[in-house]
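Going line by line, the protein sequences match chains H and G. So the first sequence is numbered by the working numbering: it starts at 52 and just counts up by one. So the second sequence is numbered by the working numbering: it starts at 52 and just counts up by one.
Because the hints were derived from the structure by calculation, they are not lab data. Keep in mind that a hint or two might mislead.
You can't tell identical chains apart in this list, so a pair holds if it fits in one copy or across any two.
Taking lysine to aspartate or glutamate and the DMTMM-like style, the derived pairs with C-alpha atoms no more than 20 Å apart in a straight line are [stated by the list, open to error]:
hint : residue 1 : residue 2
1    : 58        : 83
2    : 200       : 67
3    : 200       : 68
4    : 197       : 67
5    : 150       : 171
6    : 89        : 145
7    : 167       : 67
8    : 197       : 56
9    : 128       : 68
10   : 207       : 145
11   : 128       : 67
12   : 96        : 83
Protein chains: 2
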Amino acid sequence: MEKRERKIMVAIDESEESMYALSWSISNLIADTNNNNKLVLLYVKPPSAVYSLDSAGYIFSNDTIDTLENYSSQLAKSVMKRAEAIYRNFDDTDINIEKVVGTGDAKNVICNAAKKLGADTLVMGSHGYGFIKRALLGSVSDYCVKNAKCPVVIVKQP
Amino acid sequence: MEKRERKIMVAIDESEESMYALSWSISNLIADTNNNNKLVLLYVKPPSAVYSLDSAGYIFSNDTIDTLENYSSQLAKSVMKRAEAIYRNFDDTDINIEKVVGTGDAKNVICNAAKKLGADTLVMGSHGYGFIKRALLGSVSDYCVKNAKCPVVIVKQP
Numbered sequence: 052m053e054k055r056e057r058k059i060m061v062a063i064d065e066s067e068e069s070m071y072a073l074s075w076s077i078s079n080l081i082a083d084t085n086n087n088n089k090l091v092l093l094y095v096k097p098p099s100a101v102y103s104l105d106s107a108g109y110i111f112s113n114d115t116i117d118t119l120e121n122y123s124s125q126l127a128k129s130v131m132k133r134a135e136a137i138y139r140n141f142d143d144t145d146i147n148i149e150k151v152v153g154t155g156d157a158k159n160v161i162c163n164a165a166k167k168l169g170a171d172t173l174v175m176g177s178h179g180y181g182f183i184k185r186a187l188l189g190s191v192s193d194y195c196v197k198n199a200k201c202p203v204v205i206v207k208q209p
Numbered sequence: 052m053e054k055r056e057r058k059i060m061v062a063i064d065e066s067e068e069s070m071y072a073l074s075w076s077i078s079n080l081i082a083d084t085n086n087n088n089k090l091v092l093l094y095v096k097p098p099s100a101v102y103s104l105d106s107a108g109y110i111f112s113n114d115t116i117d118t119l120e121n122y123s124s125q126l127a128k129s130v131m132k133r134a135e136a137i138y139r140n141f142d143d144t145d146i147n148i149e150k151v152v153g154t155g156d157a158k159n160v161i162c163n164a165a166k167k168l169g170a171d172t173l174v175m176g177s178h179g180y181g182f183i184k185r186a187l188l189g190s191v192s193d194y195c196v197k198n199a200k201c202p203v204v205i206v207k208q209p
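Hey, can you work out the whole structure from these sequences and the hints?
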């Protein structure tokens with residue numbers, strides 16, 4: 052019997068913890084199961100608006116904005132590359148993978164993406180998307196636990 | 052190759068949501084995997100001290116305390132029975148199960164049990180252990196997400 056596809060969405064960022072969350076997801080939710088699983092890798096870039104003013108309130112030149120936008124895209128690529136290295140490491144070579152890059156406030160983008168893409172399970176690290184942002188805006192993981200409709204797995208690096 | 056046993060601890064209570072969390076765990080973490088998984092069902096009874104004073108501060112008679120203790124044990128049994136009905140419903144009949152009943156403040160008992168019994172994953176509903184207690188003492192699930200050392204899955208009833 053063909054089973055319904057299950058989507059496991061993993062929110063990744065630059066942190067070691069999110070890479071650990073990815074390998075936890077593969078070991079525990081995807082590899083060695085007879086289920087029809089799809090792994091959705093989600094990376095969220097900060098909104099462009101963050102870059103248009105510096106801390107002193109000066110407006111950056113267009114060149115600077117371009118440089119930062121470029122940096123942000125490079126970062127997204129580098130995080131996806133690291134994620135690839137992790138799932139390639141698993142024997143289970145036929146993992147069905149989708150990569151998604153969102154832009155905006157991480158907690159909203161993650162919850163919206165989980166809903167829109169129909170994630171059955173959302174997995175993330177406990178400290179994702181930066182300590183400073185966490186202190187200012189509250190924890191992304193706290194918000195997702197409360198607001199995502201699907202089960203949420205919060206993974207801590209051991 | 053014999054794989055290391057993985058312990059999936061599910062904290063259950065009287066709520067529908069915790070029964071849903073149990074069936075989610077079996078479908079997503081246990082059934083149809085080739086892993087060597089053990090399901091640990093944890094139920095936490097409130098501490099006896101809760102019953103020794105009523106809301107007006109009167110001390111209950113020993114008879115009343117006995118009745119309440121008895122009620123609390125009956126409740127534990129009834130929750131375990133409901134859980135049994137759920138896992139028996141799965142085809143995967145050879146699920147390795149351990150039942151644990153703890154006593155005390157749910158959030159501490161759950162985190163301690165996860166640590167002592169070496170849970171690899173802790174699963175629970177988002178509203179476990181009562182709305183009133185939640186309002187007074189904060190959410191059990193919030194506490195466990197922050198304090199348990201292992202990955203924590205928070206399941207909401209759809």
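Against the structure, the hints come out as follows:
In the homo-oligomer, the alpha carbons of residue 58 and residue 83 lie at most 20 Å apart both inside one protomer (16 Å) and across protomers (16 Å), since each shortest distance falls under that limit. With identical chains, the CA atoms of residue 200 and residue 67 are at most 20 Å apart between copies only, with a shortest distance of 16 Å across copies and 26 Å within one. Within a single copy, residue 200 and residue 68 get their C-alpha atoms only as close as 23 Å, which misses the 20 Å cut-off; across copies the closest is 13 Å, which meets it. Within a single copy, residue 197 and residue 67 get their C-alpha atoms only as close as 24 Å, which misses the 20 Å cut-off; across copies the closest is 18 Å, which meets it.
For the identical chains of this complex, residue 150 and residue 171 are intra-copy neighbours only, at 16 Å inside a copy versus 27 Å across copies, given an alpha-carbon limit of 20 Å. Proximity of residue 89 to residue 145 under the C-alpha cut-off of 20 Å is restricted to the intra-copy arrangement: shortest distance 10 Å within a copy versus 27 Å between copies. In this homomeric assembly, residue 167 and residue 67 never come within 20 Å of each other (Cα to Cα): the closest approach is 27 Å inside a single copy and 26 Å across copies. In this assembly of identical chains, residue 197 and residue 56 lie within 20 Å of each other by CA distance neither inside one copy nor across copies; the values are 25 Å within and 31 Å between.
For a Cα distance limit of 20 Å, the shortest separation of residue 128 from residue 68 inside one copy, 18 Å, qualifies, whereas the shortest one across copies, 39 Å, does not. Within a single copy, residue 207 and residue 145 get their C-alpha atoms no closer than 27 Å, and across copies no closer than 30 Å, so neither meets the 20 Å cut-off. Taking the shortest Cα distances, residue 128 and residue 67 sit within 20 Å of each other inside one copy (16 Å), while across copies they are farther apart (43 Å). Taking the closest pair of Cα atoms, residue 96 and residue 83 never come within 20 Å of each other, the shortest separation being 32 Å inside a single copy and 36 Å across copies.
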